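Chemist: Top to bottom, those sequences are chains A and B.
My numbering applies: residue 1 is where the first sequence begins, and numbers increase by one.
My numbering applies: residue 1001 is where the second sequence begins, and numbers increase by one.
In case anyone wonders, no lab produced these hints; they're calculated from the structure.
Note that this is a predicted model, so its numbers are computed, not measured.
Idealized CB from N, CA, C, for every residue including glycine.
Honestly, I wouldn't trust all of these hints.
Claimed, not checked - Per label pair, the in silico range of CB-to-CB distance:
(1) B/Pro1079 to A/Ile88: 15 to 25 Å
(2) B/Ala1077 to A/Leu53: 13 to 23 Å
(3) A/Trp89 to B/Phe1186: 16 to 26 Å
(4) A/Leu4 to B/Met1093: 33 to 43 Å
To be verified - Below, a list of computed lysine to aspartate or glutamate pairs in the EDC-like style, where the Cα atoms sit at most 16 Å apart:
(5) A/Lys6 to A/Asp77
(6) A/Lys40 to B/Glu1120
(7) A/Lys80 to B/Glu1164
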Amino acid sequence: MGPLYKFGWFDFAYSLQLAGLIGVLFGFLLERAGFGNARKLVAIFYLKDFAVLKVMFTAIVVCMLGLLFFSVFGWIDLSKIYLLPTYIWPQIVGGFVLGMGFVIGGY
Amino acid sequence: MNLEDSHEGIAKAQYMETKGGKGMKTRYANPYVVGALLGLVLLFSFYTMGRGLGSSSSFARIATAGVNLVAPGHAAANPYYAKYLRGGRSPLMAWLVFLTMGAGLGGLFSAFISNRVKGEVIRGPNIGVSVRLWLALFGGILSGFAARLARGCTSGQALTGASELAFGSWVFMFCIFAGAYATAYFLRKEWQ
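The following block holds chain A by itself, in its conformation from the complex:
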């Protein structure tokens, strides 16, 4: 039953290697989608290219459904998953400023 690390399937040192592997897949996929190009990233804010939106929301929906089914089948214990806490004002201000920085800097 997952999360495997929380149930002691492997230790900390192995978890760092796993982080490297997941990171490689993550970076590979983002570049595949064209997210290595600042102009392509920013194009969504000029209503020219919605790849960012398509990739992000497809990923969110797939992962969300995956977590749901894993939980229903008893493959993962959702209570052991780190749930991001809500700090509403920092998240509102941080989100807004990050959006500004995104367009100014090209992320």
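Please arrange chain B on chain A, whose structure you already have, making use of the hints.
Modeler: Relative to the frame of chain A, chain B by itself:
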């Protein structure tokens, strides 16, 4: 699990395009396919580690390691740095630091197989290189500050948090869009 097969499939298809176009830059992959695979990678991360992806806190950890190197007393007294120094390990021996390094390598590999590795300053046709670079520095400082204020960036908060339906993460994500659309008009010369 045929995650690897699909990766190779995409890579191969694009490689063939490259050969046909005599080293021309290849098209990017289908966003829905990439999105679905990214969702599976995120799910795999949750299943194995009980946590999602991210990157911004690895830069906070690198800063902590630097401060700790030159002024360990200051780092230990500052609650923000001290948080990363707990546990008796180097602040760099952490999940997100390794994940970020891996992401850099993975991105480089992907660009390499599609002939996209080259030195260039990506910008719109109506802006000079130096202005673009100063704006990049300024925007980067804003984004870095904002990501730490909100405890995460587009990966750690928006992608990961939204998948687990964390309320604050959804608010954060829509505020990113609000901030970006509000700013876009004033910077249209930088990109258009």
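Chemist: Give a verdict on every hint.
Modeler: To see whether the hints hold, each was checked on the structure:
1. At roughly 21 Å, the beta carbons of proline 1079 of chain B and isoleucine 88 of chain A sit within the given window of 15 to 25 Å.
2. The hinted window of 13 to 23 Å between alanine 1077 of chain B and leucine 53 of chain A is violated, with their beta carbons roughly 44 Å apart.
3. Judged by the Cβ atoms, the range 16 to 26 Å given for tryptophan 89 of chain A and phenylalanine 1186 of chain B holds: they are separated by roughly 25 Å.
4. Under the hint 33 to 43 Å, the C-beta atoms of leucine 4 of chain A and methionine 1093 of chain B, about 20 Å apart, miss the expected range.
5. A threshold of 16 Å between alpha carbons decides the hint, and for lysine 6 of chain A with aspartate 77 of chain A the separation of about 10 Å falls inside it, so the pair holds.
6. Restraint check for lysine 40 of chain A and glutamate 1120 of chain B: satisfied, since their Cα atoms lie roughly 15 Å apart, inside the 16 Å limit.
7. A distance of roughly 12 Å separates the Cα atoms of lysine 80 of chain A and glutamate 1164 of chain B; the hinted pair therefore holds under the 16 Å criterion.
Hint compliance for this structure: hints 2, 4 are broken, all remaining hints hold.
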